[in-house]
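Quick note on numbering: the sequence shown equals residues 1 to 264 in the UniProt record's numbering.
Treat the hints as calculated values from the structure; they're not laboratory data.
Just so you know, not all the hints are guaranteed correct.
[What the hints assert, rightly or not] Here are the simulated distance ranges between beta carbons:
1) K220 / R198: 33 to 43 Å
2) T196 / A34: 40 to 50 Å
3) A64 / G195: 26 to 36 Å
4) Q19 / S210: 26 to 36 Å
5) A34 / Q56: 27 to 37 Å
Note that the Cβ used here is the ideal one computed from N, Cα and C, for glycine as well.
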Amino acid sequence: MSQEQPRRPQEDKQQDKPQPIKYGDVFSVSADLAKKPIAPQHANMMQTAETMVFGQTQKGGPAAVMQSAATRNERSGLIRHDQATDVGGNEGVTVTETDVPGSRIVTEAVGGQVIGQYVQPTPVSQVAAGGFMEQNAITIGEALEASAQTAGDKPIDQSDAAAIQAAEVRATGSNVISPGGLAAMAQSAAAYNAGTLREQDKIKLTDVLSGATEKLPADKAATRQDAEGIASAELRNNPEMGTRPGGVAASVTAAARLNENIKM
Numbered sequence: 001m002s003q004e005q006p007r008r009p010q011e012d013k014q015q016d017k018p019q020p021i022k023y024g025d026v027f028s029v030s031a032d033l034a035k036k037p038i039a040p041q042h043a044n045m046m047q048t049a050e051t052m053v054f055g056q057t058q059k060g061g062p063a064a065v066m067q068s069a070a071t072r073n074e075r076s077g078l079i080r081h082d083q084a085t086d087v088g089g090n091e092g093v094t095v096t097e098t099d100v101p102g103s104r105i106v107t108e109a110v111g112g113q114v115i116g117q118y119v120q121p122t123p124v125s126q127v128a129a130g131g132f133m134e135q136n137a138i139t140i141g142e143a144l145e146a147s148a149q150t151a152g153d154k155p156i157d158q159s160d161a162a163a164i165q166a167a168e169v170r171a172t173g174s175n176v177i178s179p180g181g182l183a184a185m186a187q188s189a190a191a192y193n194a195g196t197l198r199e200q201d202k203i204k205l206t207d208v209l210s211g212a213t214e215k216l217p218a219d220k221a222a223t224r225q226d227a228e229g230i231a232s233a234e235l236r237n238n239p240e241m242g243t244r245p246g247g248v249a250a251s252v253t254a255a256a257r258l259n260e261n262i263k264m
């Protein structure tokens with residue numbers, strides 16, 4: 001019979017050693033950021049940024065989650081009060097606002113990765129026939145432009161291209177992919193990126209989706225059915241079977257929800 005070899009004392013100590021709460025433990029992030037502990041300095045920066053945008057820290061929002069995790073890490077003696085991780089220190093803690101007709105999209109990110117997003121309705125109106133005021137519905141093209149701002153630095157992959165193609169089909173009502181249109185550009189970008197090694201050389205979402213409303217031959221107000229179809233296309237082509245926060249499907253879904261509120 002084979003016997004289990006005894007563990008080394010160093011291995012036992014490593015396994016028994018308390019570990020700090022990391023970004024990957026509480027947020028849907030990847031790569032190096034997921035392995036980084038949540039530090040007090042970055043929690044404070046996110047709290048300040050949220051307060052500047054919203055007037056207060058959002059209950060249950062990213063800043064509150066980060067503060068709770070950082071406090072536990074500090075009290076456990078695993079993180080110093082003045083400590084900051086490399087990823088956040090180099091790329092920063094950011095809260096950005098994107099204005100689209102009828103809404104404001106607030107995106108919170110650490111180290112370039114989105115950890116939270118809010119969509120706030122804003123009154124947008126125009127004078128209709130008869131002198132009455134009516135609100136504008138957000139179109140698919142406008143939702144794509146919002147995605148170019150909230151996730152614009154992301155290199156386009158096959159899931160993005162599939163979502164953009166589905167969005168173009170929904171917006172135009174035609175299954176024919178226009179040469180030089182958004183879908184064709186996205187497919188070409190995904191193919192190019194797949195064979196490109198350096199991240200800085202890859203084509204980003206903002207390169208394709210900026211000015212999306214002008215690039216579409218036709219456009220329409222985003223509906224729940226549109227959002228579901230676009231999300232399905234993004235999911236089918238994503239090995240991780242998920243949609244990206246701030247990405248194409250997420251932006252169209254947010255637009256569809258706001259449009260439903262306008263009708264109510």
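Evaluation of the provided hints:
1. The hinted range of 33 to 43 Å is satisfied by K220 and R198, whose Cβ atoms lie roughly 38 Å apart.
2. For the hinted restraint 40 to 50 Å between T196 and A34, the CB-CB distance of approximately 24 Å leaves it violated.
3. Between A64 and G195, the C-beta spacing of about 42 Å breaks the proposed range 26 to 36 Å.
4. In this structure, Q19 and S210 break the distance hint of 26 to 36 Å, their C-beta atoms being roughly 42 Å apart.
5. Checked against the hint of 27 to 37 Å, the C-beta distance between A34 and Q56 comes to roughly 28 Å, which is consistent with it.
In the structure shown, a violation is registered for the earlier hints numbered 2, 3, 4, in ascending order.
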